[in-house]
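Peer 1: In case you want the letters, here they are:
There are 2 protein chains.
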Amino acid sequence: MSDFGTEELSARGVCAQARPFSYFDAFVKTFSDAYDRESNPDGYINLAVAQNNLTVDLLHDRFNDALKELSPSTTAQYDDMKGSHAMRCAMARHMTRRVVADDSVEAVRAEDLVLSSGAGAVIENLVFCVCNEGDGVFIPSPYYPAFPNDLRARLGVQTVPVSSTRSSASRGQVCLPQAARRRNIEERKDLHMKMILLSNPSNPQGIIYSREDMEETIVWAVSQKLHVISDEIYACSIFGEGGHAFVSAISIVEKLIKDALDRGDAEFAQNCRDYVHVVYGMSKDFCASGYRVGALWTQNAGIHRALDNVSYFCAIPGPMQHALAIVLNDDEFLDGFFEENRKRLRKQYATVAERIDASVIEIVPTSGMFVYFNLRKYLPEIQPTYEDEHRLWNHIYTEAKVVLTPGKDCASDEPGWFRMCFAAVPEHTLRQAIERIRAAFETIRDSSRC
Amino acid sequence: MSDFGTEELSARGVCAQARPFSYFDAFVKTFSDAYDRESNPDGYINLAVAQNNLTVDLLHDRFNDALKELSPSTTAQYDDMKGSHAMRCAMARHMTRRVVADDSVEAVRAEDLVLSSGAGAVIENLVFCVCNEGDGVFIPSPYYPAFPNDLRARLGVQTVPVSSTRSSASRGQVCLPQAARRRNIEERKDLHMKMILLSNPSNPQGIIYSREDMEETIVWAVSQKLHVISDEIYACSIFGEGGHAFVSAISIVEKLIKDALDRGDAEFAQNCRDYVHVVYGMSKDFCASGYRVGALWTQNAGIHRALDNVSYFCAIPGPMQHALAIVLNDDEFLDGFFEENRKRLRKQYATVAERIDASVIEIVPTSGMFVYFNLRKYLPEIQPTYEDEHRLWNHIYTEAKVVLTPGKDCASDEPGWFRMCFAAVPEHTLRQAIERIRAAFETIRDSSRC
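Just so you know, the sequences run in chain order A and B. The first sequence begins at 1 in the UniProt record's numbering and counts up by one. The second sequence begins at 1 in the UniProt record's numbering and counts up by one.
Isolated chain A (complex conformation):
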């Protein structure tokens, strides 16, 4: 590591030099040789980035329109680092209408929100407030492959995967509370387990936890004084039928608080307020990862007070907030946009489902922008390993020039799983990628297994 001048850096600075996921360098390499139908038909196709390229045109056009309502010069000056009043109100309004979407609970309050430069920044700040260096966070697995780095890079917080797959016979029936209990606090005595971080709809599986699962998990966690982070960044990207209905943790916790107060359990109600947090943002549902907008919903006064201070390091520019508040308040546009986006996601997923051997799709996604599929049949039959998985990943990378996310990075509980982000590219590019992958599978069959 002497190339990187580690001698003169801090231990944590050296630690942060670690790449955020195993395929990072391969991933970056694709940028300089990216596929283009006309100019570079043999280039790499990157399906490892959870980015929605399908509907970004609509959103960005509306954003550019909003810029015509010129921001005042006050947006060039300091404002509340947790987000401007207008933007927090607009985000609260959107979340009330489309994320929570539950008339039986109070509207999301702007003062419960903190807006920062992306959901990654939001999660980092929240975990910072709760965890000391070396503390641990449970994450139901398979999980979003960047979570471990988000918690480790600057915070030194450890992630402990807990398998949320009920059994290999019933893929797709996740089993959150049992999973969390299975790995209980006692199991890792060396770590202080402080939180459980889950994504719902889930990344990489594209499925939705049931209301019962979520409620049981929250009740269990709050009783254990474990903080719960529900990352709901795909809440408006539900495109498929047949899964559970999405219920925001905001709905669940508000109901738990009401029930607790009804039965006179003020302490449990307060713990629900203090221990349950929701993360949202514009990177996924709005196809706008480049806008760098994340949102935290929490009723924990101590966390708000700490964020009064540290939000300074990751605030959103005033002119962005000015324009985005206009977009977020445009219900006619947004309702149409989300409908169109769901339609495009559905169509794009159909392109995958039609072209990929149905046997590998054990979990049918209903949300998000990815499919998590099982390529075990291309691994050695007897005791396949993660090295075998890596060889298969590399075969697809070098032969098909397609980048997928290997299951190992998602803490999959067995080798052979891969995540394909099908919305990252236009349909014709996706078709091309699948053709290449199929051809690469043929060369495995023709020779021997990877």
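Calculated directly from the structure, the hints in this document are not laboratory data. We put the beta carbon where it would ideally sit given N, CA and C, even for glycine. Watch out, some of these pointers could steer you wrong.
Label pairs and their computed distance ranges (CB to CB) [claimed, not checked]: (1) A:74 - B:68: 16 to 22 Å; (2) B:223 - A:34: 43 to 49 Å; (3) A:106 - B:343: 49 to 55 Å; (4) A:74 - B:70: 22 to 28 Å; (5) A:223 - B:267: 56 to 62 Å; (6) A:102 - B:72: 35 to 41 Å; (7) A:211 - B:70: 39 to 45 Å; (8) A:102 - B:70: 34 to 40 Å.
Chain A is nowhere near these chain B residues, computed Cβ spacing over 12 Å in every case [to be verified]: (9) 354; (10) 388; (11) 440.
With chain A's structure known, arrange chain B on it following the hints.
Peer 2: Structure of chain B alone, referenced to chain A:
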């Protein structure tokens, strides 16, 4: 502190709840009762925020114009988290022309820059890379009052002020290298001193370090393997005559490297590359604290590698970078803008100098947007304390309803100093503030000293 739910938070989360400076709550209180000539003539006037309100109109108009060149939808998607290629090139170009402005050294290279959401984020990330929790950073004092919080809030890094005032008889002749040496590493054995962080032009004094002072400090620090951060965020806000000419640390270090290589000292040349870093941004020179743009210049490969990772938590939105690159490349506009800004700063400072008793202005500022003046004559004559300073600050706050920065927050080496940010308000408001302060001084004279 039970109101703030500290029980369920981490030690560092609780620590971050501390306010960033002593007058924070008083400062925030002014927002809800802010002075307005027409609607609230008795409201608070906040002169404790280093924000340039004088020329923001010109810059923001140009920015709004730049938005008419619509950004492509790729700006809504992921890009290099250290800054887009176009924006880094544009920032490098501006820094070459107007910050370094030295034909004898190479142009600033875009690849040596990392752009993040504000100079605070840049400094935090840089200190993170170099310092472990509990390590120490020397800061020549008096210093920018938010530096200690910037280093402590999330990093747990300690700041050690070193007085840079040569003697009370020669205010304004700062003496950087001697100051740094006076408090040498041995002096604080409990802390690992890793860096020296200085602002040049200096905040709060508004003065410029001489080339000799800077060079001697850098040579000394690099020889000690202390990292140097030169915060040059006011480099283009030099409005007065009579001080030293500003020389960027980039000029100095490039010359040191060349000289070292000429005499065959490759190790010292490499250490210069690894240990000297420059911070810049758009909050001050561009009057645009709300744009949240900070820049790090460093040639340290290890720091760049760590920032490849952690820049993700504080990236600048794509559409902002698109528009700001256009502004930064518009030399005709920028040359006129900086000239006009210097003119307005000069005029505004003249308003202060004409109205405030000359005897209190012991240090005549030539740069920045503040004057650091000595109100000791309003403190008790015998052994005045920082409590006396606070009483005077509070007298001005309650009687004049004007917020100043007390010297104690700047680690002044004696009580009685105050920073007034004279560009934070329009001229008529500044006049009003000074009238009120003068009247408040009268009530001290009429009764007794504070």
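Peer 1: Would you mind marking each hint as holding or not holding in the structure?
Peer 2: Against the structure, the hints come out as follows:
1. The hint said 16 to 22 Å for the Cβ distance between residue 74 of chain A and residue 68 of chain B, and at roughly 20 Å that hint holds.
2. Taking the beta carbon of each, residue 223 of chain B and residue 34 of chain A are about 46 Å apart, inside 43 to 49 Å as hinted.
3. With their beta carbons about 53 Å apart, residue 106 of chain A and residue 343 of chain B fall inside the hinted range of 49 to 55 Å.
4. Roughly 24 Å separates the CB atoms of residue 74 of chain A and residue 70 of chain B, a value that falls within the hinted 22 to 28 Å.
5. A beta carbon spacing of about 60 Å between residue 223 of chain A and residue 267 of chain B agrees with the range 56 to 62 Å that was offered as a hint.
6. For the pair residue 102 of chain A and residue 72 of chain B, the beta carbons lie near 38 Å from each other, so the given range of 35 to 41 Å is met.
7. For residue 211 of chain A and residue 70 of chain B, the hinted distance range of 39 to 45 Å is satisfied, since their beta carbons lie about 43 Å from each other.
8. Evaluation of the 34 to 40 Å hint for residue 102 of chain A and residue 70 of chain B yields a pass: the beta carbon distance comes to about 38 Å.
9. Here residue 354 of chain B stays apart from chain A, with its beta-carbon at least about 26 Å from theirs, past the 12 Å limit.
10. In this structure residue 388 of chain B is separated from chain A by more than 12 Å, as the shortest Cβ-Cβ distance comes to about 28 Å.
11. With a least beta-carbon separation of about 26 Å from chain A, residue 440 of chain B lies farther than 12 Å from that chain, consistent with its non-interface assignment.
Figure legend: structure checked against the earlier numbered hints; every hint is met.
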